[in-house]
Every structure is written in structure tokens, then in C-alpha cells.
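Those protein sequence lines, which keep their order, are chains A and B. Mind the numbering: the first sequence is residues 45 to 336 in our numbering, read in order. Mind the numbering: the second sequence is residues 45 to 336 in our numbering, read in order.
Quick caveat, the hints were computed from the structure, so don't treat them as lab data. One should not assume that every hint holds.
When chains are identical, the list treats them as one kind, so a pair holds in a single copy or across two.
Below are the SDA-like pairs computed for lysine to any residue, each with C-alpha atoms no more than 20 angstroms apart in a straight line [to be verified]:
| id | residue 1 | residue 2 |
| --- | --- | --- |
| 1 | 191 | 323 |
| 2 | 107 | 130 |
| 3 | 170 | 271 |
| 4 | 248 | 171 |
| 5 | 170 | 281 |
| 6 | 259 | 296 |
| 7 | 139 | 99 |
| 8 | 248 | 221 |
| 9 | 107 | 93 |
| 10 | 139 | 68 |
| 11 | 104 | 320 |
| 12 | 170 | 335 |
Number of protein chains: 2
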Amino acid sequence: MRNFSENHEWLSINTATVRKSLGVDLPLPKIIEACVERGIVAISPWRDQVAAAGLPVISKLVKNHGLKLSGYCRGGMFPAADAAGMEAAYLDNRKAVDEACELNAACLVLVVGGLPGALAGRAVHKDIALSRAQVTDGIAQLLEYAKTCGMPLAIEPLHPMYAADRACINTLEHALDVCDALDPDQTGALGVAVDMYHVWWDPKLQSQIQRAGQKRLLAFHVCDWLTPTTDLLNDRGMMGDGVIDIPKIRGWVEAEGFSGFSEVEIFSTGNWWQRDHKEVLDTCIARHQTAV
Amino acid sequence: MRNFSENHEWLSINTATVRKSLGVDLPLPKIIEACVERGIVAISPWRDQVAAAGLPVISKLVKNHGLKLSGYCRGGMFPAADAAGMEAAYLDNRKAVDEACELNAACLVLVVGGLPGALAGRAVHKDIALSRAQVTDGIAQLLEYAKTCGMPLAIEPLHPMYAADRACINTLEHALDVCDALDPDQTGALGVAVDMYHVWWDPKLQSQIQRAGQKRLLAFHVCDWLTPTTDLLNDRGMMGDGVIDIPKIRGWVEAEGFSGFSEVEIFSTGNWWQRDHKEVLDTCIARHQTAV
């Protein structure tokens, strides 16, 4: 297992972690500037943040600073109420692949979607098996395109509490079943993003990480699970503040040969987004060295 | 599949559903009175409610009204920080078995516990595998006693969002692994409580219900998953108001031969606990007939 205690060369900042500074939206160029100032060499930006600044602007900043992208957030949201919705999702996902290529991301992270309409509180049906079938079909279709660009797709299993509205792939086992079905030869074109916030609870986590192996472990996200958790979406904890045995899980992933970045992704309306982003980044660096 | 549309002979009310009426605590005798008035023939009371009224009082009410108990809530919380804590948990669980016997409950429901201290926001360790081992040991020990009383134990897998603080058994598969280990002959002394709020999202739900079979399907709880869900614990929905395909899951359970009660268990600080309990019970009856 790599020694993280002496520097932060393997730290990546998912830019949602500093989406806000002192409660106010922080533009991506400012986030990049603060990362570069701290010797952080990798980020994982969100599409809306890139769009707000303009893809050419961000692309230039990334190149000029020699930043690496541990991933690009995010594609997915495949299920839709009708064929037109499915087609629109596909076209938008192609665009996400193109953006990921422009930014030279390690992978495009897929948050696959749930029941159509559920995110707006108005699910158009209750057939989660149908959504899961549409997800598999959607990934299959996108994979064909992504392969032509050489952009790996990383299925991110989301915590089961998001099954209805954000992602109906909720275990690493399920994500790997999809990988087996669509990329049986383990070409590296399709794999998983292991975000411990979503999977830490799973009694089969270690065995499924072993099943994934190096070829399918495309991204590794860290944060912590707080007790109590006061919001289903935006109350993630800083590494070390919660109950996840983070080093143990990192050990499992690295035992398979994973040698990529440890990406910090924290959504925190009430705490970290209320602080100055420089303090947040400094804390990420410190905890990367002591708690990851 | 049984026809629920014409009456409510298979409806049971988990008494937490009407724990409060118009925001005020409602004593269990009042709950029982309102159930009896509506021809509801089964309940599943909580220990704290029984203790507040007195076990002899409740026992007499149950017998006089000929009420059935679809379960008794709840035993469990096995993991502890030290041996004294484990012993205290065991003794309290024996008492829960005794109470369940006195009330002639169909089973004692087990919410098995998580990381010691986590429920109070101060987990004493992060080793969920240790907690899981303690849970298995605790159930094994309690099972010996429960067998002498003829009281079946029903392991309730809780939603993964409760893994840290309430129950570290989070899938039906895991619960059945424990059943296989401790009661390989499927004697009926150990089984599961299937609460769809906790397991609806699981892609392996149908196959694990089939694996459980009639002998291990000891209880069946219904409510609904709301989008959005605003609180991790107390924002459960009334059947029909959320995204769970309830009849489909009931069909799977009944296909295995389950012929017990459909127990409504809704925790709802912001909605149902603010209403008059009579309205809530009437709604339970109506939804039992139309949405379950």
C-alpha cells in the first residue's frame, strides 16, 4: 500500500468539494488556481462547472498547469420516459465523452440514473427493473462511441438511498455484472468508480473489489460517513470525521494494483461549503496524509 | 396472490405508525382502541410503548380483544464496546423474548445494531466486520434461549443508510447467510422480516426472497419510499405515495407461501405523525386495499 503520509502527489480534488466558498458559488478557474497554489496535481471537474467557465478556457488552464484529471463528472442518467428522452440522453452523453477527451480525463464517471422523473419528485413509473435494463442498453450504446475515442467509462454504484432518483446501480456487484455483460474481455474500456461513501457498508465489498481487479478499477473516491447524517445528498464528511475505515478499503483497492489518484469528493451544504475553499483544500491535503 | 381489495383481514398496524397523533405521543391503549374500532385484527407494538403502559395492561388488552401480533419490535442491538455491554444486551434481549411470548407475538423482530456508540454520534471503532461478527454471536446466543420459549427470531435487514448506527445487516442475502450459519436445518426458529422500505432497491431481492422460502419469511412490512426523502429515519411514505412497486414485492413473498399479515410501519415526523391517528389508520386501511 502506498505511503500517503509525506506528500499529496496522489491527491485529486473533485471540484464539487469546493463548489462553494463561504456559501457562495466558486468558479472553476478559481478552484484550479487554489489547487495549483497548493501543489495539487489532479482534479475531477463537473460538467456544469466546466460549462459555466467555457470548455476552451478550462482546457487551456488544465494544459498550462499540467493538471491531470482523475475523472470527469459526469455522464449517465440513461433512463427516460420515452424514446426521445433516451435519444437526448445518448446525445448528451456523447458530448460528455467529447469533453472528457478534450480534458484528457482518466475516465468518464457514469451516474446511471433511476426512475425517470423521480429526481423531480414525479416518477413516471415504479419499474426499477425496466430502468436497469435501460441503463445497460444505454451504457452499451455509449460504450461503442467511447471506444472510438479511447475514453474509458466508469460506472459508479451509488448508495442504495439514491436508487430511485439518481442511480439504480447500487452495489459494486451489480456494476460488475454490467461490465461482465458489456465488456467480457475486460478491455479496460468499461470499469467502475469505487466511491467509498456509496459502498463502504457492503459486506461483499472486499470480494467485489477483488473481482473487479486492476483493469476495472478506474477511479477511487474518498470522503466519510457521518453519524448522524442530516441530509441524504449534501452531508458527506471529511476523511477522518466519520465511521468509514478508509485505509482498509484503500488497501483492498491497491492490493488489486490500483495506482491512481485518491479523489476527494465531499458535498456539504452545512459545513464545508460554508468555509473558505482554501481552508477546505488545506484540510483535504492534511487528511489525505493522516486519514486516507 | 391474496386479494386485499375487499377487506383488511390481513392488515397489521405497527404501532410506531401512530406513535403520535397531532404531534403528541399517543399511548398504546389508545392505539389499540382505535385499531379495534376499525376491525383491525393485528398489531406489532414497540417495547417502549408496552413498557409505558405496563406489560400486564397490554397483555390483557390484547387477549380481551383477540388481537394478533404480527411481530414484536424489537430485540437486537447486539454489538457493544465491551463484555459488560454485550452481556447487558443479551439480558435485555432475553427480556424482549419473554415479553414477546407473553403477548403471543408471531416473532421477535431483530434490529441487530451497528458500530457501538454510533447511534449517539460517537462510534467507539470503525470495524464493521467486528460488529457483524458480534451480531452473529449475539443472535446465536439468543437463539438458544428463544428456542426454549418457542419464540421465532426475525432478522430485519435495514437499509444500508443505517449500517453504522442501527443495523449492520443490510441485505436480505446477508441476513440469510446468518440464518444458514445458525439454523441450517431451517427449523423456523430463525428467519427474516422483509421490510420493503429497507430492501426494495436490491437487484437481488426476488432471488433472495425465493432463497428465504416460507420457513424463513417470518414478517412482511410495508410503507413507501418518497422522492425526495427529507430525513434518513422519519420520512417514510404511506403505501402508494412513493416509488416502490409494492404489489410486485408482495407477489414475490406470497409466491413462496407467505400467508401472514401485511404490517404497516411508517415513521413520519413531518406528515403522518402530525395528523389525527384515526385519519392515519383509515388511510392505512384504504391503502392496504388499493396500493398493497
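Now for the hints, and whether the structure bears them out:
no.	hint	in the structure
1	191 / 323	neither (40 angstroms within a copy, 57 angstroms between copies)
2	107 / 130	neither (34 angstroms within a copy, 58 angstroms between copies)
3	170 / 271	between (31 angstroms within a copy, 12 angstroms between copies)
4	248 / 171	between (26 angstroms within a copy, 15 angstroms between copies)
5	170 / 281	between (31 angstroms within a copy, 14 angstroms between copies)
6	259 / 296	within (14 angstroms within a copy, 37 angstroms between copies)
7	139 / 99	within (12 angstroms within a copy, 65 angstroms between copies)
8	248 / 221	both (14 angstroms within a copy, 12 angstroms between copies)
9	107 / 93	within (17 angstroms within a copy, 64 angstroms between copies)
10	139 / 68	neither (28 angstroms within a copy, 54 angstroms between copies)
11	104 / 320	neither (26 angstroms within a copy, 62 angstroms between copies)
12	170 / 335	between (40 angstroms within a copy, 13 angstroms between copies)
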